[in-house]
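Engineer: Chain by chain, the residues run as shown.
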Amino acid sequence: MKSKYFNIMAIIAVLGLIIGCFGMTDRLIYGHLHTGYGSYMPWGLWVVFYLFFVGLTAGAFLITIMTYVFGVTRLKNVGTLSAFTVLVALMCELIFVSLDLGHFERIYRFIVTPNFSSLMTWFVIFTNLMLIIYLLECFFLIREKLVLWSTENRSGKAFYQLLALGKTEYTADDRDSDHRIVRLLSIISLPAGLLFYGTNGAFFAILQNRPIWNSAMTPLLFILAALLSGGALITFLISVFHSDDEIARVLGRAVFFILVVFLLLEFIQFFVGYKTGLTSIMTSLDMIVNGPYSWTFWVVHLLVGSLIPLFLFATGINSPKAITWACLLIVVTFVSVRFNFLIPDLAVYKLEGLEQTFSHPRLRTHYTPSVNEWLVSVWIISLGILVFISGIRWLPILSSEKGGLNNG
Amino acid sequence: MVDDTPGDTLKTVCEKDVTRREFIKCSALLGGSVVAASYLIPLMDCGERGMVFADDMIGNAYTHHLPENQIFSACQQCNTQCGIKVKIKDGVVKKIDGNPYSPWCMTPQIPYTTPITEAATIDGSLCPKGQAGIQALYDPYRLVKVLKRAGKRGENKWQIVSFEQAISEVTAGGNLFGEGPVEGFKDICTLKDSGIAKSLSDDAAAVAAKKMTLDEFKIKHAVNLNYLIDPDHPDMGPKNNQLCFAWGRLKDGRGDILKDFFGKSLGTTNTHGHTTVCQGSLYFTGKAMSDQFIEGKWDGGDKFYWQGDTGNAEFAIFVGSNPYEANYGPPLRIQKITEGLVDGRMKIAVVDPRCSKTASRAWKWLPVDPINGVTGVAMGMIQWILENNRFDARYLKNANKGAAKADGEPTWSQAAWLVKIGEDGKPGKYLRGSDIGVEIEKRPKAKAEDGEWDFDAFVTLANGQPVLFDPNSETVPAEGDLFVATEINGIRVKSVLQVIRETANAKPLNEWAAIAGINPGDIVDIAKEFTSHGKKAVADVHRGVSQQTSGFYNVLAWYTVNALIGNTGWQGGLSKLTTYDRMGSRPGKPFDLGKIWKKVIKAWGISSIRHGVAYDKTTLFDGYPAKRTWYPFCSDIYQEIIPSIGDQYPYPIKALFLYMGSPVYSLPAGHKLIEILSDTKKLPLFIASDIVIGETSMYADYIFPDTTYLERWEFVGSHPSVTPKVFPIRQPVVAPLTETVRVYGAEVPLNVEAFVLGVAEKLNLPGFGKDVFGPGQHVTREEDIYLRMVANVAFGDKEDGSDKVKAASDEELQIFEKSRKHLPKTVYDVDRWKKIVGPELWPHVVTVLVRGGRFQGYQDAYKNDQLVNQYNKMIGIYLEKFVTYKHSMTGKPYLQHADYVACATDCTGKLIDDKSQGYDMSLITYKTITQTKSRTSGDYWLSAVYPENFVEISSHDARRLELHAGDRVKVVSASNTDGVWDLGFGNQIPMIGKVKVIEGIRPGVVAFSLGHGHWGYGARPVIIDGVTIPGDARRGAGFHANAAMRVDPVLKNTTLCDTVGGSAVFYNSQVKLMKV
Amino acid sequence: MARILPGEDLLIRMQRDLKRSLAADRSSIKWSMIIDLAKCAGCHACTIGCVAENKLPPGVVYRPVIEEEVGIYPNVRRRFLPRPCMHCQNPPCTKVCPVHATYQNEQGVVVIDYNRCIGCRYCLVACPYSARTSDFGEWYTSDTPNPEGKMVGRAKASESYEAIPATEYGKQWPRRAHDSPVGNARKCHFCLHRVAVGMLPACVTTCVGRATFFGNRNDTQSLISELLGSPRIHRLKEELGTKPSVYYLR
Ligand SMILES: Nc1nc2c(c(=O)[nH]1)N[C@H]1C(S)=C(S)[C@@H](COP(=O)(O)OP(=O)(O)OC[C@H]3O[C@@H](n4cnc5c(=O)[nH]c(N)nc54)[C@H](O)[C@@H]3O)O[C@H]1N2
Ligand SMILES: Nc1nc2c(c(=O)[nH]1)N[C@H]1C(S)=C(S)[C@@H](COP(=O)(O)OP(=O)(O)OC[C@H]3O[C@@H](n4cnc5c(=O)[nH]c(N)nc54)[C@H](O)[C@@H]3O)O[C@H]1N2
Ligand code: SF4
Ligand code: SF4
Ligand code: SF4
Ligand code: SF4
Ligand code: SF4
Ligand SMILES: [Mo]
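The listed protein sequences correspond, in order, to chains D, G and P. Under our numbering, think of the first position of the first sequence as 1, with each following residue one higher. Under our numbering, think of the first position of the second sequence as 1, with each following residue one higher. Under our numbering, think of the first position of the third sequence as 1, with each following residue one higher.
No lab work stands behind these hints, which were simulated from the structure alone. Among the clues, some could well be false.
[Stated by the list, open to error] The following residues of chain D were derived to be distant from chain P, with all beta-carbon distances above 10 Å: (1) I29; (2) A172; (3) L328; (4) G353.
[Stated by the list, open to error] What follows is a set of in silico ranges between Cβ atoms, one per label pair, in the way DEER data are often shown: (5) E118(G) - N115(P): 32 to 40 Å; (6) E239(P) - V299(D): 48 to 56 Å; (7) E948(G) - V371(D): 54 to 62 Å; (8) N290(D) - G149(P): 38 to 46 Å; (9) D143(P) - V371(D): 42 to 50 Å; (10) A155(P) - V387(D): 39 to 47 Å; (11) A222(G) - E148(P): 53 to 61 Å; (12) K89(G) - D143(P): 45 to 53 Å; (13) G534(G) - R250(P): 44 to 52 Å; (14) Q356(D) - N115(P): 55 to 63 Å; (15) D299(G) - G149(P): 51 to 59 Å; (16) D143(P) - Q356(D): 38 to 46 Å; (17) T190(G) - G149(P): 43 to 51 Å; (18) D143(P) - G178(G): 47 to 55 Å.
We put the beta carbon where it would ideally sit given N, CA and C, even for glycine.
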């Protein structure tokens, strides 16, 4: 990464961290006092971002699928970048989720009294599984370079020695076994990822009181959404950092295809939803297309996040630039997809008139994220960016061995 | 790093090239493991359960059920005054529940003999306001020290002054505010000699009665004329009358102290309550109807009213009465109705322009027109009942006590009495024996030394023959024909019922229905139902009936409806309240509290609100109309107190002491009072007793903080629908939050009693101080009076003491002390208390105190289908006395029976027609269950349920006016065309509220609920000692539209008023809604 | 005909029922509630009674009463629906709790162990009746002034009715910045702390309409099981299969 870009990004991220600090401090001192969600709208922006980051991890997953299922071997080049992206995204996701908890200090409860009938338990298990898989994958992908760098005379040598776990020599056998491990991990990551994204969907789908979520389509939609946003992200990153037009083109096509499928599915969801004639479903859908935040659906998601990328793909499917832009737009606007997934269904009254019976801002189904929620989000995202660019800069992410597909 | 061992299968899979098929296999496998896991889940779950499920999760931190953590008292979040059980921990009120001994909180309540240990675990019910009382006690805006104004009146700038300073200033007067001299109590209350007072008073009466000339009077009393307000009008009384004591909510005990202090110690006749803002005409119709024939005169009527025996009625019509949301009151009455409805015992109908919560459970809701609707229905019912012979003829025929007794009827009426018909065909006075040549009989007075009185018999017609009778004779029963219109000895006569029938027949039923704005069929239906349950049917009326310009006659009409079935005193019919005697004047009682006042002067003179006297019988008579209305038949005319001060009629007032009232906020057209209260010329000294800086007390010169209902004493009395005989007690529950002050050398909490004692000490007033009850028996603290009253109640009402409550057991005595150990010596000291009542009575007093009062058993309140504590006198449906009085504004005699009197009128009886001026909506108001007038505005729990009130209109009007839910509209009327409250100092509050569109309201009517839109009471900032104390927006939420209520066009500074029953008028104003 | 006066208040009968169940085999207890909608007066006493009993902070409410107007003028009535936790026999809320902080106890009461709850609010999302609210640590008095010595002030007020520990589950829960129940899901618990000492839940005793009944549905002598035989009985959202232990009489 060019240090000019690095510096700009770093400055932005550090600024973000500083501004976000106010939110973080407030969150740590006052807990949830200055948040905009409440009891009838129990989750808000932080959960939206958690969903967003969950999706972003799926880039690596897409690459694995492309490589193993579709046999696109070229993608092995980007294995490290995607694995590292997953790590950073998971980190952000975990911070978001933790801060959303009322009693963060009690997460040990997941180990002491786990409830295996709760999908949240499974979510935690799979998240940790993903974390472990990709941490290991990352490690084995960059181990060779780490060992190398730790023996070279470069700044931060001690750091690399630490990361290399003191290993000073890297043999062909090592390479071989690392490749095997990486391959194994990649393969495990396929079902694990499927379960991970599926669980996330199921997390919502099992709630029979929630009109839109409570549908067999939800897990599927989740997987697709993940592939779309994660795929777009990784495509974007690859074209920016690897400048590998070929890969970008391959991935671009995939993202284009997923986008189309996703929109189709979304259409079906609306179509079927309105056809059911069930008030609860229709009110929920109405919220999306006609509610106070419908602009996020029409403008952000459909126009900026779908139509323009579709157009870019359609007209410039071979132009790396078009693909990069299309993917960037998809990624950035995907927050609105997550928002429109989460909020409208929460906002539908489960008992008519309940909102009017006991008055408090927390007992309303209208939700506006508070400044604090934004500040905290800025902090976490800035942290993510900082970690990401630092990794790219100081870890052998881009220059590492191409992954375990040499003989594939 | 990867351990190969666990994943043999995996490894084999991975060793090979992964094909697509294998990939699918692989994921299927993992998927399968999830499925498998899901089978395991229930198993794991069970494990969990075993671990956590026993009820050992329940700890033992809950201690509210222990009697030593409880004190029983009485709520005052509204005037229902339910019994409460206050749960205390560490000296703090933790929870308030219903007192299970109290008939307010349970039906039936638990037996009085239940040990307190058992009662401790039984909670009775309370309404939401009662539950939230903790927040009235611990209100951040409550005052703790005396405030004196530091700016202009109403500017809300204050300084804290010491109690001693405040007492010295109000008693001594002086240049208190740097605005010139102000007279203190000592300058105003100069007449102190009871001898002088008596002779002045007697002769002033003689002057008024034209038995003595003014000159004679002036000569005779030359040296004492300086005691009088105006020697040219001696009947105005002494200067002492220029001190006025006005109160809002005042109950017995405290009421006794305060009224006696002002009336007897300070000698002013101007002690006026708030009755007419509340349901005045209901009380004063009751008073007129309960007048008895006593020694030749109509007299002795009680200021009271009847309500339905809710728990036993089979049919009840609630007319302008709302037991589900207000009334007296939710815990007391709702249970009886809901159980009645569900058990099939009861059916209810509701006459109300608004579909109240009560109406929501009614068999029939009659959405009457607010203007004239209630009388329309009553007259229609009377007509139908009489024309269809559905009345209780056997009851109505009874002309006197003897006849009633013979029939086992507790009451009788004048239905069969004959009245003389005048030249004009109008009924006048009763036909008397002397009219038909029967001699007048001389009878000795009750007190023989008072001489004799003339008995001139009344007449009824039985089988065409006149029968002469004595209404009170128990031995000579008299019955008569009900419908008589004939001539006797050339005198045209009619029976009372005939008069009423003709009145009711003045219009056909469909016209009555049209006036009411409902279907004639509905009137027939409810009349039919009403007359289908014997005595167990009742029409229960309240403010919707009384607070109209025709309030008195509305109430009279509805009580006449009740009289047609003679339900008074019967189970399921009309009942009245009964309490144990606290004053102790009866023989055998332990403490005669009247004794204190034997030596003092009796206040005398025309009252500042001109009540209880006939205008034309005073020296102020100056033709018709009078400058302001006179009220011969009522008292406590709240809306006249301050406007009369404004007009200085009949005389100027120099000092006003306002206790626990907020006329500016609570009265219709209360905004008109602000100008007067702000004027230091018209009202030189204004002192308020309040718990916060309220909408009215903000205009005071001094505010004396008071203790709230949870920190003090009061004996709250009862309500007509409570059938058992009772005596609920309010007593200190926690340490007062106000500062401690010193009076008569003792430390007491700062409250209104401290004010009284402080002034009494300073001015050395009679009735207070050392040795008042005898050597060593002082009145230097509040409980010196209160505990003696409790002792009287504990003793009971039988001379021989057989009615005494059981003495408290040792355990109860211990609990009594334990539960009060957190109380400071300023309010409680067991030895001091014991000494006041004496060791013998003490355990009995404790029995009463630990139970929060004395309550007769529910079962004991009924006998043979009748009420035990019944009204068992004559019921006046024809008020002869009225024709002998002339209305001060018209010079005409008063109407004496139920009739339709059109609304809305000004004080001269002229109809007001604002409708034609475009004021197209009738404004009404009601109470919502969560709010009282002022005191609930700091109860944040309640504001969560109902944060703001609304401009409630029907969907019909919404369409017509193109208004939508949530629109903001201003309420304007002909007398407040700007639709604002003008607070002075440039502060204006527009009456703007949010529209709520509902179906449950009569089109053309706009309703708002009471209790919102405050600007005092912590809603806006105030400055104390230079520090600005910010307001809390929650307290000011919503709007208050009393200022849109019609100002009387003749008097110009007060609301429309029922000139007969005194009621302030809340439901006869026309308004316009202006979208903003 | 003379009316036979009621011999005792229904509350007394129910309390006797309750004590009988407590004295017998406790494992056979299934606490249940019945709310008679024909008797409910829409007074909100139960709402506030519960708030006061459990010292609930702003935004936390266990038993709101929903008001509704039905019909068209002049054929209009108002309806009221009190909504405590349904104590579902098949509760969706406990299933989603990742840490078993909320569960159904032996007596069928769905409880929350505040000390376990991580505050994820998944249960809030899962409850079909919105019966759970989260404690975000707010104070009713937070916006009030504290002019020391001049008025009672915020400090006194908040310490007297907000900081004061509630006794839910028979334990002390002083309200401090971060400690439970701040940060937790909260809901109706059938006033187990009162039941434990032989008292009826607060919303039952304060119910001015005598519309709320409580007892052990397995005790055939109890008032509550008598009422369960009424043809007016129904449950909310029966179609979801949650099997509430709170029943309504139409
Ligand atoms: N729009 C509308 N207006 C109405 C009504 C309505 O239905 N609608 N109802 C009317 C009725 S029925 C009535 S009775 C009147 C009542 O009218 P008021 O008798 O004037 O009574 P409140 O308005 O309750 O005023 C009570 C005052 O006493 C203070 N206070 C409270 N507790 C204490 C205490 O313990 N000691 C002392 N010293 N002061 C205390 C309060 O702060 C407040 O300032 O309002 C009437 N006004
Ligand atoms: N919640 C609450 N309860 C209270 C009080 C309180 O402040 N708040 N105050 C207590 C006091 S002091 C009193 S006096 C009682 C009063 O008790 P109520 O008189 O029973 O109650 P209100 O709500 O004042 O008025 C009764 C009904 O009259 C209706 N009404 C209005 N205009 C008209 C009309 O023109 N015609 C007819 N027929 N009806 C009309 C209203 O819609 C309302 O339903 O309540 C007591 N209980
Ligand atoms: S009705 Fe409510 S506010 Fe009024 S006294 Fe009873 S409990 Fe208190
Ligand atoms: S009502 Fe909601 S919170 Fe209560 S048990 Fe059922 S699902 Fe759980
Ligand atoms: S908020 Fe608490 S009780 Fe609810 S699901 Fe999460 S941990 Fe369980
Ligand atoms: S049972 Fe207790 S916790 Fe539940 S709603 Fe009633 S009062 Fe509240
Ligand atoms: S306390 Fe009873 S009557 Fe009042 S709202 Fe609650 S359930 Fe209904
Ligand atoms: Mo009143």
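Engineer: Each of the hints needs a verdict: does it hold here or not?
Structural biologist: A quick look at each hint next to the structure:
A cut-off of 10 Å between C-beta atoms contradicts the statement that I29(D) is not in contact with chain P; the least separation is 8 Å. The beta carbon of A172(D) sits about 46 Å from the closest Cβ of chain P, which is more than 10 Å, so the claim that it is off the interface holds. Chain P leaves L328(D) outside its interface by the beta-carbon criterion, the shortest separation being 32 Å against a cut-off of 10 Å. A beta-carbon of chain P is positioned within 10 Å of the beta-carbon of G353(D); the least distance is around 4 Å.
A beta carbon spacing of about 35 Å between E118(G) and N115(P) agrees with the range 32 to 40 Å that was offered as a hint. Distance hint check: the CB atoms of E239(P) and V299(D) are about 38 Å apart, inconsistent with the given range 48 to 56 Å. E948(G) and V371(D) have their C-beta atoms about 26 Å apart, which leaves the hinted 54 to 62 Å range violated. Between N290(D) and G149(P) the Cβ separation comes to about 55 Å, which falls outside the hinted range of 38 to 46 Å.
Separation of D143(P) from V371(D) is about 19 Å and departs from the stated range, judged on CB atoms against 42 to 50 Å. Against the hinted window of 39 to 47 Å, the Cβ-Cβ separation of A155(P) and V387(D) comes to about 45 Å, which satisfies the hint. Checked against the given bound of 53 to 61 Å, the beta carbons of A222(G) and E148(P), roughly 59 Å apart, stay inside it. Range check, K89(G) to D143(P): Cβ separation about 26 Å, and the 45 to 53 Å hint is violated.
In this structure the supplied range 44 to 52 Å is violated for G534(G) paired with R250(P), their Cβ-Cβ distance being about 32 Å. Distance hint check: the CB atoms of Q356(D) and N115(P) are about 34 Å apart, inconsistent with the given range 55 to 63 Å. Distance hint check for D299(G) and G149(P): the Cβ-Cβ separation is about 54 Å, which falls inside the suggested range of 51 to 59 Å. Evaluation of the 38 to 46 Å hint for D143(P) and Q356(D) yields a failure: the beta carbon distance comes to about 23 Å.
About 38 Å separates the C-beta atoms of T190(G) and G149(P), a value inconsistent with the hinted range of 43 to 51 Å. Take D143(P) and G178(G): their Cβ atoms lie about 36 Å apart, and the range 47 to 55 Å is violated.
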